[in-house]
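Please construct the entire structure, taking both the sequences and the accompanying hints into account.
Each chain, letter by letter, is given below.
Protein chains: 2
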Amino acid sequence: MNEDRFTADLADMFSHRRKDVFTGIGDDAAVLDLSLPGDQLLLAAADQVIRNIHFTPDTPPELIAKKLLNRNISDIAAMGGTPTHALLTVAVESLQEDWLKAFHMGLAAEAERYGIAVIGGDLAHTPNDLVATLTILGTVPKQKLCLRSNAKSGDILYLTGTFGRSFQTGHHLTFTPRLDAAQALAGTYTNAMMDVSDGLAKDLSRFAAASGVSVKITTDLPKRDGANDEEALNDGEDYELIIAVPPEKSQALERSGLPGKLGLTRAGIFTGGQPAGTIIYHEQKIQEKGYDHFYEN
Amino acid sequence: MNEDRFTADLADMFSHRRKDVFTGIGDDAAVLDLSLPGDQLLLAAADQVIRNIHFTPDTPPELIAKKLLNRNISDIAAMGGTPTHALLTVAVESLQEDWLKAFHMGLAAEAERYGIAVIGGDLAHTPNDLVATLTILGTVPKQKLCLRSNAKSGDILYLTGTFGRSFQTGHHLTFTPRLDAAQALAGTYTNAMMDVSDGLAKDLSRFAAASGVSVKITTDLPKRDGANDEEALNDGEDYELIIAVPPEKSQALERSGLPGKLGLTRAGIFTGGQPAGTIIYHEQKIQEKGYDHFYEN
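From first to last, the protein sequence lines are chains A and B.
Residues 1 to 297 in the working numbering are what the first sequence lists, from first letter to last.
Residues 1 to 297 in the working numbering are what the second sequence lists, from first letter to last.
FYI, nobody ran anything at the bench for these hints, they're computed from the structure.
If you're wondering where the values come from, they're calculated on a predicted model, not measured in any experiment.
Honestly, I wouldn't trust all of these hints.
Since the list gives no way to pick out one identical chain from another, each pair is judged satisfied if it fits inside one copy or across any two copies.
Unchecked claim - Dumping the calculated DSS-like pairs for lysine-lysine here, alpha-carbon to alpha-carbon at most 30 Å:
id, residue 1, residue 2
1, K19, K249
2, K285, K142
3, K19, K101
4, K261, K101
5, K216, K101
6, K216, K19
7, K216, K249
8, K261, K19
9, K19, K142
10, K19, K285
11, K142, K261
This is the structure in structure tokens:
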């Protein structure tokens with residue numbers, strides 16, 4: 001099954017559009033225009049973590065909860081938004097009260113840090129696995145909204161943080177979502193961002209494809225502890241941001257000192273002249289082999 | 001593990017209250033006051049369906065999707081609201097494209113019937129099980145909002161539909177959520193409703209307890225195809241509504257002809273004088289043995 005094709009089919013299937021749906025399936029979060037005060041839009045995204053896929057049987061429950069919340073916060077960050085509320089569901093094969101308490105306390109503590117209210121959910125028994133899902137709501141002023149389809153030919157590519165070996169280093173459990181960087185940049189320097197969770201090559205290609213451009217990486221990729229290029233491009237679970245900055249704003253951004261403060265790498269340039277979604281790195285087209293998780297948002 | 005105590009602990013754990021949280025964990029849906037136009041409140045609820053718990057391996061995927069959506073719609077209905085948007089996550093052990101297409105098409109068709117936009121979600125692999133979750137959003141004018149804590153001593157108990165043998169009869173897969181009845185009654189005849197999903201005795205007891213009253217059932221319970229009293233009280237998966245109507249409004253309701261049109265049973269009266277949550281049926285206190293699914297909303 002080809003993930004991106006299946007997602008496109010789903011987006012068609014769910015194309016019933018209420019007038020209040022600003023952006024539906026296909027970005028890091030859905031965007032609703034409910035006529036909130038202050039020209040704010042409502043954001044909504046859902047994501048899950050699964051035992052033996054996203055964590056191991058011995059991962060502490062607090063870290064599982066933290067990961068679940070933070071990968072959702074990363075989606076809201078990528079839209080330029082602020083997370084506000086969350087709903088949790090847990091399906092677990094054996095209902096051990098100690099484990100559940102630790103998991104929920106971990107979630108509560110992490111939510112508190114971000115001022116997110118956990119407002120509901122469901123806890124149920126499942127025969128074998130452990131699946132936890134979280135739906136996050138957030139808000140963004142219309143002028144700050146960032147979409148993956150908003151990059152233009154000539155825009156400069158920036159990346160937060162480093163890439164590769166997220167599982168091996170534990171980054172996938174302990175990362176801090178790039179909310180601060182996103183909020184500093186959204187609306188001022190960019191309206192085009194995307195969360196990197198399935199691998200930089202895969203997600204950068206999707207970002208470029210959604211914007212109808214290709215991208216040339218012009219620097220060595222910023223890599224996490226000992227990762228090589230292959231790992232940086234394909235490992236996934238980075239929870240970093242792809243950011244497209246128009247050239248005139250890029251000059252202002254460089255002068256602002258924010259790239260150093262936020263740990264941004266100026267990594268390349270978006271261009272035309274190639275099929276949309278093409279990535280050129282070290283003068284070669286790269287093939288992405290990132291993690292297929294079928295569809296998301 | 002005692003479900004209701006654990007839920008109370010969670011509600012405490014997640015008691016971080018944003019000012020915009022009107023009602024958090026503990027009702028059929030959370031209620032947010034985001035200053036929407038027309039004095040509308042936003043509703044949000046999440047629920048899941050799990051193979052070998054909520055359906056069997058041979059249940060057609062369209063019916064699984066229909067059940068998942070409709071049990072969430074039932075939660076929005078019980079608040080007096082209108083469902084608007086949904087986010088879906090699916091965790092499944094083998095990604096058979098045919099099954100997934102049928103499931104998603106079933107969801108799309110049922111969502112379309114209700115004018116609900118499916119705006120996002122996530123599809124991922126899990127080693128053994130099949131878990132699908134849905135978060136539903138909805139709206140309700142403040143004046144129509146129905147809470148399980150709003151019943152008063154002296155209010156009349158009404159029930160929609162019939163109870164018991166939901167699994168045996170297939171009702172749990174094919175039911176129509178009581179959106180029409182709820183919308184006809186909310187704000188006009190009642191501001192106290194609750195969805196019955198864990199068994200009438202358990203949910204009626206929770207409803208009465210949340211309102212600080214007890215309840216006396218004064219009629220034979222309306223029963224589904226051949227169910228006995230025990231089954232009607234405890235089987236669960238009914239997706240009917242408990243409704244408390246103040247006595248003066250009850251007279252108007254009876255005159256309106258709505259009880260016949262909506263299939264309501266006038267089933268009893270809420271009273272004081274017993275510990276909150278007590279249910280008297282055929283002059284005896286009943287013990288509820290409904291389905292424990294740990295927590296919900």
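Numbers of the earlier hints that this structure fails to satisfy, in rising order
1, 2, 4, 5, 6, 8, 10
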